[in-house]
Amino acid sequence: MRNSVLYTIEKGELDKLIGILHRDGYTVVGPTVRDGAIGYEAIESVQQLPIGWTDEQAPGHYRLKRRDDDLYFGHVVGPQSIKKFFFPPKQRLFGIRREGENDYVFEATQPEPPRYAFVGVRACDLAAVRVQDRVFNDVMPDPYYAKARSQAVFIGVNCAEPGGTCFCTSMDTGPRCTQGFDIALTELKSTFTVEVGSDKGRKLLEALEHKTTDANTKHLVDLMMQSAAEHMGRSLNTDGLPEMLLNNLQHPHWDEVAKRCMDCANCTLSCPTCFCSNVEDKTDLTGDHAERWRTWGSCFTLEFSYHTGGYNRSSTAARYRQWLTHKLASWHEQFGTSGCVGCGRCITWCPVGIDITKEANAITDDVKRFRAEQERQRAEEVGS
Amino acid sequence: MITAIDQRPDVVSGDANAMSPVWARIVSRCQESSNTASYTMKFVDPEIGRRYRFLPGQFNMMYLFGVGEAAISVSSDPANSDSLVHTIRHVGSVTFAVDRLKVGQCVGLRGPFGSNWPLESCKGRDILLVAGGIGIAPLRPAIYQLLKNRDQYGRVILLYGIRSPQDMIFKEEVEEWMERRDFQVLITVDYPSENWTGPVGVVTKLLRRVRVDSRNTSVFVCGPRVMNRAAAHSFLSHYVPEDQIFVSLERNMRCGIGQCGHCQYGPKFVCKDGPVFSYASVRNLFGKDEV
Numbered sequence: 001m002r003n004s005v006l007y008t009i010e011k012g013e014l015d016k017l018i019g020i021l022h023r024d025g026y027t028v029v030g031p032t033v034r035d036g037a038i039g040y041e042a043i044e045s046v047q048q049l050p051i052g053w054t055d056e057q058a059p060g061h062y063r064l065k066r067r068d069d070d071l072y073f074g075h076v077v078g079p080q081s082i083k084k085f086f087f088p089p090k091q092r093l094f095g096i097r098r099e100g101e102n103d104y105v106f107e108a109t110q111p112e113p114p115r116y117a118f119v120g121v122r123a124c125d126l127a128a129v130r131v132q133d134r135v136f137n138d139v140m141p142d143p144y145y146a147k148a149r150s151q152a153v154f155i156g157v158n159c160a161e162p163g164g165t166c167f168c169t170s171m172d173t174g175p176r177c178t179q180g181f182d183i184a185l186t187e188l189k190s191t192f193t194v195e196v197g198s199d200k201g202r203k204l205l206e207a208l209e210h211k212t213t214d215a216n217t218k219h220l221v222d223l224m225m226q227s228a229a230e231h232m233g234r235s236l237n238t239d240g241l242p243e244m245l246l247n248n249l250q251h252p253h254w255d256e257v258a259k260r261c262m263d264c265a266n267c268t269l270s271c272p273t274c275f276c277s278n279v280e281d282k283t284d285l286t287g288d289h290a291e292r293w294r295t296w297g298s299c300f301t302l303e304f305s306y307h308t309g310g311y312n313r314s315s316t317a318a319r320y321r322q323w324l325t326h327k328l329a330s331w332h333e334q335f336g337t338s339g340c341v342g343c344g345r346c347i348t349w350c351p352v353g354i355d356i357t358k359e360a361n362a363i364t365d366d367v368k369r370f371r372a373e374q375e376r377q378r379a380e381e382v383g384s
Numbered sequence: 385m386i387t388a389i390d391q392r393p394d395v396v397s398g399d400a401n402a403m404s405p406v407w408a409r410i411v412s413r414c415q416e417s418s419n420t421a422s423y424t425m426k427f428v429d430p431e432i433g434r435r436y437r438f439l440p441g442q443f444n445m446m447y448l449f450g451v452g453e454a455a456i457s458v459s460s461d462p463a464n465s466d467s468l469v470h471t472i473r474h475v476g477s478v479t480f481a482v483d484r485l486k487v488g489q490c491v492g493l494r495g496p497f498g499s500n501w502p503l504e505s506c507k508g509r510d511i512l513l514v515a516g517g518i519g520i521a522p523l524r525p526a527i528y529q530l531l532k533n534r535d536q537y538g539r540v541i542l543l544y545g546i547r548s549p550q551d552m553i554f555k556e557e558v559e560e561w562m563e564r565r566d567f568q569v570l571i572t573v574d575y576p577s578e579n580w581t582g583p584v585g586v587v588t589k590l591l592r593r594v595r596v597d598s599r600n601t602s603v604f605v606c607g608p609r610v611m612n613r614a615a616a617h618s619f620l621s622h623y624v625p626e627d628q629i630f631v632s633l634e635r636n637m638r639c640g641i642g643q644c645g646h647c648q649y650g651p652k653f654v655c656k657d658g659p660v661f662s663y664a665s666v667r668n669l670f671g672k673d674e675v
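Chains as they are written, first to last, in this note's numbering: chain P, 1 to 384; chain L, 385 to 675.
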């Protein structure tokens, strides 16, 4: 039970909110149906939200289905998070013109990021933004990221019906938005309850017709959140997990996963926290104009680790191990948090349905079994 | 102790996020061996030249117009930041392009990045340097500093392994070092030439020829992966403590600031937590394949 004050707005007010954000100069981004999936795109009105749609998700499986109601947010997360708006998949870092033999002139570098207002962001994706903040907005901030991030507005949505691959409860990031939002909505039949998370959010709420939520409805919201937490599609045992994984880099299960993994990099591209990038330098055909681009990279590609000495991770097993141990273990040492927010995208979008929770649990369980067996044998030896 | 990231010299670059280079002109080139040359450079902007500082063991990202970028260690004396030397083996697309440059042409530089050889905290101790091939380049700034402050250290010993006598780089300097009574230099080759009279074999075999005072020795290692591993394990078996063995590692690097992810080595970013690591800090990873 959360003690924060809840307000209630009629559903129609959401469209008004989007209008206000537009008028204030924001690029409003929300979930919308495109190419048979729900993704975050710029939207003009609530009509573009996936009204009456839901998404059926399982390892390697994603289908949009009609709901028998017309909820705006009756779905969970699609293939893409809002990562792409702060950390664009392709970004020109600079251009250089060569003038004469030895004279180089820098051209205007990066464009200004738009002012984004995100509508319908889930708790896991809000958590993912906080995870990426530690990479891009910490000691040496990435200017584009820092700017886009600082001027963004977040309208969160609490999840009442988790998807088949969700496990935010295990990662302690959801299903309820608890931080990092300006406004957090819970969708009811004909109304939203609204929680205010910042001054910006309060101003937005004040522009809408709202009333304080009654005790019964508040209780209902709590029950919905509790029920959602109890109905996660997946679960991951994170107790002692980082040490467990890092101490078992040579566990045979890595080879077992590698037999299934296709190195396609879907997991890293759909992951809301994966931050690796390639830096590419190229010239045009005249040879007088060079550019540097930063593009999303993936530790699943062979060349990712290539240097003069060779490939550091030449096998799929090594690359999968790198990804999983980075996400669930070494991230803690690097950034003081897990790199996983439990959104389940890597499970849904893996073409062969490799399940990060299952693979991590498999190693944990096996090591525990092994230890228990050792204990038993030791006890027997002592006993005999 | 390796210098903490916020205590290191400021990174010089063309923009706020350290991803664009500044220009440096090649003022001289010295062919070290058939495929290796040392390039002395000066920043085109003298103001940057005055500002630029680096610590022994640190590296720069070197940009070749339109070709790409590579991490190259600085091989000159940190006390003399006016002439910045990079010693480069021409083996990849960027370094081949460097080879084609003429004196007077420019490269892009940003840096310095990374950790350094812990010369300060090793004062009073014997210093054993182990270099394999081009691995002597990032050790040379440390050698300059050690010789300059010679009275502050115990014995200073260099074990230098090269493929063949012709592959020796810094040849004249190495010969000068060998003349010194306060610097023991031992060289071994894999493939001796007819007139080679020195030791033959891997660099760890030279350990037989030196006395290692395990309680009072710090070891700096830089070479190919196999050599690093063999050297570290040899010193461990000589009871040199894990936190007195320092190894400089090589990794694919794209940004230098711990954001691109390429250089990850377990939880370490080699570009900012390394390239110089104490063995103790990478114990769980060192010697494991494919991490």
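Do not take every clue at face value.
In the EDC-like style, the derived pairs of lysine to aspartate or glutamate whose C-alpha atoms are separated by at most 20 Å in a straight line are [to be verified]:
no. : chain 1 : residue 1 : chain 2 : residue 2
1   : P       : K259      : L       : E674
2   : L       : K426      : P       : D103
3   : L       : K672      : P       : E243
FRET-style restraints, in silico, Cβ to Cβ [to be verified]:
no. : chain 1 : residue 1 : chain 2 : residue 2 : range
4   : P       : R371      : L       : G585      : 19 to 27 Å
5   : P       : E256      : L       : R435      : 27 to 35 Å
6   : P       : K259      : L       : R547      : 37 to 45 Å
7   : L       : Q391      : P       : G336      : 17 to 25 Å
8   : L       : M385      : P       : T308      : 23 to 31 Å
9   : L       : S598      : P       : T308      : 48 to 56 Å
10  : L       : Q415      : P       : T308      : 16 to 24 Å
11  : P       : E243      : L       : G488      : 28 to 36 Å
Which chain L residues face chain P? A few, computed with CB under 10 Å, are given here [claimed, not checked]:
no. : residue
12  : T424
13  : D429
14  : I432
15  : R434
16  : V451
17  : A454
18  : C647
19  : Y649
No lab work stands behind these hints, which were simulated from the structure alone.
All values reported here derive from a predicted model rather than from experimental measurement.
All residues carry an ideal CB built from backbone N, CA and C; glycine is no exception.
Structure-based check of each hint:
Proposed proximity of K259/P and E674/L is supported: the alpha carbons are some 17 Å apart, at most 20 Å. As the CA atoms of K426/L and D103/P are separated by approximately 15 Å, the hinted pair is consistent with the 20 Å bound. Between K672/L and E243/P the alpha-carbon distance is near 17 Å, which keeps this suggested pair within the 20 Å criterion. In this structure the supplied range 19 to 27 Å is violated for R371/P paired with G585/L, their Cβ-Cβ distance being about 44 Å.
With their beta carbons about 54 Å apart, E256/P and R435/L fall outside the hinted range of 27 to 35 Å. Separation of K259/P from R547/L is about 39 Å and conforms to the stated range, judged on CB atoms against 37 to 45 Å. Look at Q391/L against G336/P: about 21 Å separates their beta carbons, and that is inside 17 to 25 Å. For M385/L and T308/P, the hinted distance range of 23 to 31 Å is satisfied, since their beta carbons lie about 30 Å from each other.
A hinted range of 48 to 56 Å for the beta carbons of S598/L and T308/P is inconsistent with their spacing of about 33 Å. The given range of 16 to 24 Å is respected by Q415/L and T308/P, whose C-beta atoms sit roughly 20 Å from each other. At about 56 Å, the beta-carbon gap between E243/P and G488/L misses the expected band of 28 to 36 Å. Restraint check, T424/L versus chain P: the minimum CB separation of about 17 Å is more than 10 Å; hint violated.
At a threshold of 10 Å, the smallest CB-CB gap from D429/L to chain P is about 12 Å, leaving the interface hint violated. With a least beta-carbon distance of about 14 Å to chain P, the hint placing I432/L at the interface is violated under the 10 Å criterion. Taking 10 Å as the C-beta cut-off, the interface hint given for R434/L is violated, the closest approach to chain P being about 21 Å. Nearest Cβ of chain P to the Cβ of V451/L: about 6 Å, under the 10 Å cut. The hint holds.
At its closest, the beta carbon of A454/L sits 9 Å from a beta carbon of chain P; the interface hint therefore holds under the 10 Å criterion. A least Cβ separation of about 9 Å between C647/L and chain P falls short of the 10 Å threshold, and the interface hint therefore holds. Look at Y649/L: its Cβ gets to within about 8 Å of chain P, closer than 10 Å, so that hint holds up.
Violation of the numbered hints given earlier is confined to hints 4, 5, 9, 11, 12, 13, 14 and 15; the remaining hints are satisfied by the structure.
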